[in-house]
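Asks: Build the full structure now, drawing on both the sequences and the hints.
For the sequence shown, counting from 1, position 120 maps to 120 in the UniProt record's numbering; every step adds exactly one.
Hints listed in this document are in silico derivations from the structure and should not be mistaken for laboratory results. There could be a bad hint or two in this list.
Claimed, not checked - No farther apart than 30 Å at their CA atoms in a straight line, the calculated lysine-lysine pairs in the BS3-like style are these:
# : residue 1 : residue 2
1 : K410      : K483
2 : K519      : K531
3 : K85       : K45
Since this is a predicted model, take the numbers as computed values, not measurements.
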Amino acid sequence: MVEDGGNGALANIQSADEWLLHAQELVPVAVEKARQIKGFPGRWKMIISKLEQIPSHLSDLSSHPCFSKNALCREQLQAVSKTLKEAIELAELCVKEKYEGKLRMQSDLDALSGKLDLNLHDCGLLIKTGVLGEATLPLSVAGSSTDAEATTHGNTRELLARLQIGHLEAKHKALDSLVEAMKEDEKNVLAVMGRSNIAALVQLLTATSPRIREKTVTVICSLAESGSCENWLVSEGVLPPLIRLVESGSTVGKEKATISLQRLSMSAEMARAIVGHGGVRPLIEICQTGDSVSQAAAACTLKNISAVPEVRQMLAEEGIVSVMIKLLDCGILLGSKEYAAECLQNLTASNENLRRSVVSEGGIRSLLAYLDGPLPQESAVGALRNLVGSVSQEVLISLGFFPRLVHVLKAGSLGAQQAAASALCRVCTSAEMKKLVGEAGCTPLLIKLLEAKPNSVREVAAQAISSLVTLPQNCREVKRDDKSVPNLVQLLDPSPQNTAKKYAVACLASLSPSKKCKKLMISYGAIGYLKKLSEMDIPGARKLLERLERGRLRSFFSRK
Numbered sequence: 001m002v003e004d005g006g007n008g009a010l011a012n013i014q015s016a017d018e019w020l021l022h023a024q025e026l027v028p029v030a031v032e033k034a035r036q037i038k039g040f041p042g043r044w045k046m047i048i049s050k051l052e053q054i055p056s057h058l059s060d061l062s063s064h065p066c067f068s069k070n071a072l073c074r075e076q077l078q079a080v081s082k083t084l085k086e087a088i089e090l091a092e093l094c095v096k097e098k099y100e101g102k103l104r105m106q107s108d109l110d111a112l113s114g115k116l117d118l119n120l121h122d123c124g125l126l127i128k129t130g131v132l133g134e135a136t137l138p139l140s141v142a143g144s145s146t147d148a149e150a151t152t153h154g155n156t157r158e159l160l161a162r163l164q165i166g167h168l169e170a171k172h173k174a175l176d177s178l179v180e181a182m183k184e185d186e187k188n189v190l191a192v193m194g195r196s197n198i199a200a201l202v203q204l205l206t207a208t209s210p211r212i213r214e215k216t217v218t219v220i221c222s223l224a225e226s227g228s229c230e231n232w233l234v235s236e237g238v239l240p241p242l243i244r245l246v247e248s249g250s251t252v253g254k255e256k257a258t259i260s261l262q263r264l265s266m267s268a269e270m271a272r273a274i275v276g277h278g279g280v281r282p283l284i285e286i287c288q289t290g291d292s293v294s295q296a297a298a299a300c301t302l303k304n305i306s307a308v309p310e311v312r313q314m315l316a317e318e319g320i321v322s323v324m325i326k327l328l329d330c331g332i333l334l335g336s337k338e339y340a341a342e343c344l345q346n347l348t349a350s351n352e353n354l355r356r357s358v359v360s361e362g363g364i365r366s367l368l369a370y371l372d373g374p375l376p377q378e379s380a381v382g383a384l385r386n387l388v389g390s391v392s393q394e395v396l397i398s399l400g401f402f403p404r405l406v407h408v409l410k411a412g413s414l415g416a417q418q419a420a421a422s423a424l425c426r427v428c429t430s431a432e433m434k435k436l437v438g439e440a441g442c443t444p445l446l447i448k449l450l451e452a453k454p455n456s457v458r459e460v461a462a463q464a465i466s467s468l469v470t471l472p473q474n475c476r477e478v479k480r481d482d483k484s485v486p487n488l489v490q491l492l493d494p495s496p497q498n499t500a501k502k503y504a505v506a507c508l509a510s511l512s513p514s515k516k517c518k519k520l521m522i523s524y525g526a527i528g529y530l531k532k533l534s535e536m537d538i539p540g541a542r543k544l545l546e547r548l549e550r551g552r553l554r555s556f557f558s559r560k
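Replies: Encoded structure:
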């Protein structure tokens with residue numbers, strides 16, 4: 001409690017109205033004494049100008065409808081009264097010239113000026129930003145919430161408001177309470193979080209105290225992971241301080257900051273912003289030196305960033321290729337390896353320079369070794385699909401490319417199987433490669449994929465088969481498979497959703513010289529499909545239709 005000069009403790013002052021009256025009485029006393037001082041004229045002139053602003057701020061504060069209902073008002077008036085009392089005491093010392101050295105007094109006056117700034121700022125903030133209204137939620141306006149919920153929300157609003165007013169230590173205490181509140185009921189805290197609260201938290205990320213920064217980034221991390229505040233966080237400038245924490249924060253600070261960036265980088269716009277604020281290099285360093293959780297979060301963030309085509313070359317210039325390949329080989333968590341595979345898939349999607357870089361760094365060997373592990377294979381196979389055109393046949397054979405692709409086609413997820421089939425489409429550029437693919441046992445596995453539900457999977461399987469059957473020995477293998485013709489005929493469906501029909505026509509055209517296959521095509525209704533496809537000008541459909549109709553006529557006359 002504030003003491004009133006030499007008149008003892010102000011034990012009888014309890015309400016906001018009483019504290020208001022006390023502060024209003026102290027202002028003219030402080031101004032009058034300050035004007036009597038001859039020394040330190042520059043400092044006292046500035047102090048007087050700030051003292052003269054206090055009455056209007058007190059008036060604005062007292063006119064607020066929530067003024068007498070909220071503890072924040074009373075505490076703010078206590079703080080103002082304490083500062084005014086200090087101003088009076090310093091003025092008396094200066095008038096009597098009874099102070100301990102000129103430098104000490106200059107320091108005290110600068111501190112007083114800073115306290116007045118804080119008082120004026122906090123009074124204005126309570127009014128202008130709505131903090132006072134947010135911190136007071138009478139039960140009568142609680143809407144459909146229960147009384148208990150309304151009380152909890154009101155307490156949370158007051159706690160959040162305390163992040164925005166008072167000195168740093170007071171904000172630190174409020175932050176401690178907020179961390180505990182989020183542990184107990186994060187949903188309630190998020191329900192009343194406003195933009196002004198977000199701005200206050202972002203400001204605390206740059207506090208001089210490492211403890212405050214660490215606790216603040218813990219809260220920021222929860223907000224980012226909630227998925228409800230990303231735009232507010234970024235618009236209030238959260239990215240630069242988060243990146244600085246990744247660079248030089250404590251272990252916990254780095255981890256929470258990296259996880260926050262991971263969540264924020266999920267949109268292309270945010271990913272570009274992280275790059276623009278210099279976030280790539282610190283994230284790459286975390287991938288190399290961070291603990292398991294931080295490493296995985298950094299790898300995921302870089303994977304998200306690599307999905308933006310225009311920044312990929314810049315990522316490469318920062319050394320991301322070798323770092324991701326190393327993570328593939330020895331990432332601490334399995335998730336780190338998976339993110340590295342996804343990142344390499346993104347990097348090699350459209351940039352030939354990056355493909356060559358991945359190949360020269362030994363990326364193909366690492367990706368193939370990754371396929372032997374327990375992790376999802378789709379991204380690694382996708383990266384290999386992007387790279388097969390950049391290496392020789394001999395390299396692929398020596399690294400065991402085909403046996404591993406067969407393994408994926410047999411036991412991989414549907415996405416991995418699709419990526420494997422797509423890789424085969426790209427690798428079948430010569431008769432020799434088509435022979436190797438056929439001998440590896442890929443053909444029956446591709447025929448089975450023609451039965452998959454997703455159109456995209458059926459399309460890429462049919463495309464691979466249409467390339468393979470141009471080699472006689474592969475064509476014979478397709479003919480021997482009882483499911484090949486029925487599955488291919490089903491893919492003649494003329495509907496727009498069926499994107500595999502042109503490849504099905506090409507496959508069936510290669511099989512049509514066989515009388516057995518031709519009869520099967522006719523018996524499964526290929527002619528009806530082909531008539532519609534001919535009208536749609538699907539390449540090869542009319543020619544195949546004529547061949548099947550001639551075969552049907554010959555069969556008819558031979559029976560006659």
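Asks: Where does the structure disagree with the numbered hints, that is, which hint numbers, in rising order?
Replies: none
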